[in-house]
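S.K.: Sequence:
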Amino acid sequence: MNFWLLIYNTIFVPLLYALLSIAGLFNAKIRKGIQDRETLFEDLEKSLSSLDRSKKLIWFHSSSMGEFEQAKPIIQKLKSERNVNVITTFFSPSGYQNQKKYPYSDIITYIPFDWPSKAKKFLEMVKPDAAIMMRYDIWPNFIWQMKGKNIPCFIVDATMREDSKRMLPIAKSFHKVLFKNFVEILTVSESDMKNFRNFDIQSKQLMSVGDTRFDRVYQKSLEAKEKKLFKDNFFEGKKVFVAGSSWDADEDVFLPAFLKLSKYDKDIVLILVPHEPTVQHLEKLEGELSGKCSSIRFSYLNEYKGERIIIIDSIGILLTLYYYADVAYVGGSFKQGIHNVLEPAVYGIPVIFGPKIENSQEAMKMVQLGASKVIRNKKEAYRTLRSLFSNDTLRCQMGRLSSSYVNENIGATDRILKELYKTIA
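For our numbering, count along the sequence shown from 1 and bump the result up by 1.
FYI, nobody ran anything at the bench for these hints, they're computed from the structure.
Where hints are given, some of them may not hold.
[As the list claims (entries may be wrong)] Each computed DSS-like pair below joins lysine-lysine, with the alpha-carbon atoms no more than 27 Å apart:
hint: 1; residue 1: Lys173; residue 2: Lys150
hint: 2; residue 1: Lys267; residue 2: Lys293
hint: 3; residue 1: Lys57; residue 2: Lys195
hint: 4; residue 1: Lys374; residue 2: Lys357
hint: 5; residue 1: Lys128; residue 2: Lys150
hint: 6; residue 1: Lys205; residue 2: Lys239
hint: 7; residue 1: Lys239; residue 2: Lys101
hint: 8; residue 1: Lys102; residue 2: Lys78
hint: 9; residue 1: Lys47; residue 2: Lys57
hint: 10; residue 1: Lys366; residue 2: Lys380
hint: 11; residue 1: Lys240; residue 2: Lys226
hint: 12; residue 1: Lys166; residue 2: Lys357
hint: 13; residue 1: Lys102; residue 2: Lys228
hint: 14; residue 1: Lys419; residue 2: Lys128
hint: 15; residue 1: Lys80; residue 2: Lys226
hint: 16; residue 1: Lys423; residue 2: Lys150
hint: 17; residue 1: Lys336; residue 2: Lys374
hint: 18; residue 1: Lys122; residue 2: Lys181
hint: 19; residue 1: Lys101; residue 2: Lys80
hint: 20; residue 1: Lys221; residue 2: Lys101
hint: 21; residue 1: Lys47; residue 2: Lys30
hint: 22; residue 1: Lys30; residue 2: Lys102
hint: 23; residue 1: Lys419; residue 2: Lys56
hint: 24; residue 1: Lys374; residue 2: Lys264
hint: 25; residue 1: Lys148; residue 2: Lys102
hint: 26; residue 1: Lys195; residue 2: Lys239
hint: 27; residue 1: Lys336; residue 2: Lys306
hint: 28; residue 1: Lys173; residue 2: Lys121
hint: 29; residue 1: Lys80; residue 2: Lys47
hint: 30; residue 1: Lys195; residue 2: Lys205
hint: 31; residue 1: Lys78; residue 2: Lys57
hint: 32; residue 1: Lys128; residue 2: Lys240
hint: 33; residue 1: Lys205; residue 2: Lys229
When you get a sec, could you build the whole thing from the sequences and use the hints?
M.R.: So this is what it looks like as structure tokens:
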């Protein structure tokens, strides 16, 4: 450990900080993360002064918004069951800025950069009774110092693929030392737990408990059903296709298929949800659709006159939109990797996507179960959409498989809290 502590703090940390500082000159997001940390400890001191320190304090850390979504069901149930304080930290500015008013955390802040002195100062100020690191954003100086201070630390929703770069010889040696400092590493699956065993971790430190993303999408789906994005009976007599988090590469495949299908099926409607609804992208879509199919932006819905395509020009409502779908497409699967397939699956509908799904165990499992189909080109997209919208039996059968898959995997939150309560009882 002393060897890796020396290497990490004399080479890796200074190099990482230098790279971030240089990148901050060109990247506004990174620059903001650096600037926002300038008053981190002063702001933290003020926030801590208002806490009731007679309560136990649990620290949750997430890299960004996606990981924090997985932490939310744990935090909310913890707060409902125990009289504790919760502090939440983020590494990225996007996570912090978008979640800094989250009501179930008593304090929300950035995590300091992983210099030994800053990690020591943070822990001495906060004095957490336990710490939960979400998924993979693990900063070694914090972990080593928590071990020295006897602060129990967990990794939750942990994953470890067989081809992970953490398995490479030098990285593996480093992580063997690092992982030994955790009370428990709670993995999303048995295969992940098996792969973690390659780091010579003791059996008592490893447990497969499931993935809180299932709990989170189920929780959010219940909330979404109460929201009214469209008037009652708005889609009566219609069949709704929701394409979520789509990029150009996705739209190049499913849009021609939808346009062709719409010539034969007059009851089909597309809700198109671009991943980045910039003005330029919205105008590009409208230009491509002009003369081919009627469309309207969601913000102009009060002027709706039966347009076949509704283009969503706002963010943060995708999961609620899936509630209206008969079939869903999940984007990213022709680009860098697929987005969240559980968000539509929770509503019990067929889910289709492109071929790049290796980043998602859920997508691969849904294909295996028969709840989803992969489309590789425009022809496959058309054939798949036509079969799903013309065959009610097939659509309902795939939908039931989607719903069952989500429902059978709910419960990770309870299993995680059971382990946490052993340390903070």
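S.K.: Of all the hints numbered above, which does this structure not satisfy? Sort the numbers upward.
M.R.: 3, 6, 7, 25, 26, 27, 32, 33
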